[in-house]
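> Work the whole structure out from these sequences, hints included.
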Amino acid sequence: EAQVTQNPRYLITVTGKKLTVTCSQNMNHEYMSWYRQDPGLGLRQIYYSMNVEVTDKGDVPEGYKVSRKEKRNFPLILESPSPNQTSLYFCASSLSSGSIYYEQYFGPGTRLTVT
Amino acid sequence: DAKTTQPTSMDCAEGRAANLPCNHSTISGNEYVYWYRQIHSQGPQYIIHGLKNNETNEMASLIITEDRKSSTLILPHATLRDTAVYYCIVRVAQNYGQNFVFGPGTRLSVLP
Chain A
717 EAQVTQNPRY LITVTGKKLT VTCSQNMNHE YMSWYRQDPG LGLRQIYYSM
767 NVEVTDKGDV PEGYKVSRKE KRNFPLILES PSPNQTSLYF CASSLSSGSI
817 YYEQYFGPGT RLTVT
Chain B
116 DAKTTQPTSM DCAEGRAANL PCNHSTISGN EYVYWYRQIH SQGPQYIIHG
166 LKNNETNEMA SLIITEDRKS STLILPHATL RDTAVYYCIV RVAQNYGQNF
216 VFGPGTRLSV LP
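As you go down the protein sequences, you meet chains A and B in turn. For what it's worth, our numbering labels the leading residue of the first sequence as 717, then goes sequentially. For what it's worth, our numbering labels the leading residue of the second sequence as 116, then goes sequentially.
Simulated from the structure, these hints should not be mistaken for lab results. One or more of the hints may lead you astray.
Stated by the list, open to error - Straight-line C-alpha distance at most 20 Å; calculated EDC-like pairs for lysine to aspartate or glutamate: (1) Lys167(B) with Glu819(A); (2) Lys118(B) with Glu746(A); (3) Lys734(A) with Glu746(A); (4) Lys118(B) with Glu146(B); (5) Lys118(B) with Asp775(A); (6) Lys773(A) with Glu746(A); (7) Lys773(A) with Glu795(A); (8) Lys733(A) with Glu778(A); (9) Lys785(A) with Glu769(A).
Unchecked claim - Only some residues are given here: those of chain A computed to face chain B with a beta carbon under 7 Å: (10) Gly758; (11) Leu759; (12) Phe806; (13) Glu819; (14) Phe822; (15) Gly823; (16) Pro824; (17) Gly825.
Backbone N, C-alpha and C fix where the C-beta goes; we use that ideal spot for every residue, glycine too.
This is the structure:
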């Protein structure tokens, strides 16, 4: 089944404790992206990657890191989480062919609470 | 990317057509209209997209006005499972590296 998976789905952690949220897709998509969703603010893009070893900042990259060493994986790293990073996080992927944009497939979400 | 305006919420009776409007009066000639939906707190789900012609797939129909300043997403026979937030997004198809802006959307409630 074609899908985007995220782990963990739920996480409660404390300020300053490094964490990684994994994202994996099995559709051989070039493009992957991370979003966070907060009440009243909608979905905002954190980072995106157009292919292996190619990443760039989205609208709200502060406090986050990403890497893209393999095509299927795009982990989100919080080096020193803070309470304002409490949010619902979504990973997404899409096919890209030349310059054409295709629809994004989203993962199930990771609900993170930082105390 | 052009800004969109959608009603905050709508109700629809189960089995009836749900017509969700979207205004995008500043849309450019090379910008597509995309529709996604989000059921509860699940990941958004792609529904349909179009440039200027009307489009139909197994989920919905998209009607774009001739001047492209507005569009309507039609769910022909709404079910309770169609209750969700529906997002209308306009963006350049070639701009896949840039932000894909999800506004507040329309909260559709399908009523039994």
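> Can the hint on Leu759(A) be confirmed by a CB-to-CB distance to chain B that is less than 7 Å?
holds (4 Å)
> Below or equal to 20 Å on CA atoms is what counts here, so check Lys733(A) against Glu778(A).
holds (16 Å)
> Does the structure keep Lys773(A) and Glu746(A) at a Cα separation of 20 Å or less?
holds (16 Å)
> Between the alpha carbons of Lys118(B) and Glu746(A), is the straight-line distance 20 Å or under?
Distance ~27 Å between Lys118(B) and Glu746(A) Cα, so the pair is violated.
> Against chain B, with CB atoms and a cut of 7 Å, does the hint on Gly825(A) hold up?
This hint holds: Gly825(A) lies near chain B, its Cβ roughly 6 Å from the closest one there, short of 7 Å.
> Would the hint on Gly823(A) be counted as holding, given a Cβ-Cβ threshold of 7 Å to chain B?
holds (5 Å)
> Need the status of pair Lys167(B), Glu819(A): alpha-carbon distance at most 20 Å?
OK: Lys167(B) and Glu819(A) at ~17 Å, within 20 Å.
> Between the alpha carbons of Lys785(A) and Glu769(A), is the straight-line distance 20 Å or under?
holds (6 Å)
> Under the criterion of a CB-CB separation shorter than 7 Å, is Phe822(A) in contact with chain B as hinted?
Cβ of Phe822(A) sits 3 Å from chain B, so the hint holds.
> Return the status of the interface hint for Gly758(A): holds when the least beta-carbon distance to chain B is below 7 Å, violated otherwise.
Hint on Gly758(A): holds, closest Cβ of chain B at ~5 Å, below 7 Å.
> Compare the distance between the alpha carbons of Lys118(B) and Asp775(A) with 20 Å, and conclude whether the hinted pair is satisfied.
Judged against 20 Å, a Cα distance of about 16 Å means the pair holds.
> For the pair we were handed, Lys773(A) and Glu795(A), check the Cα-Cα distance against 20 Å.
holds (16 Å)
Hints 2 and 3, counting from the list given before, are not met by this structure.
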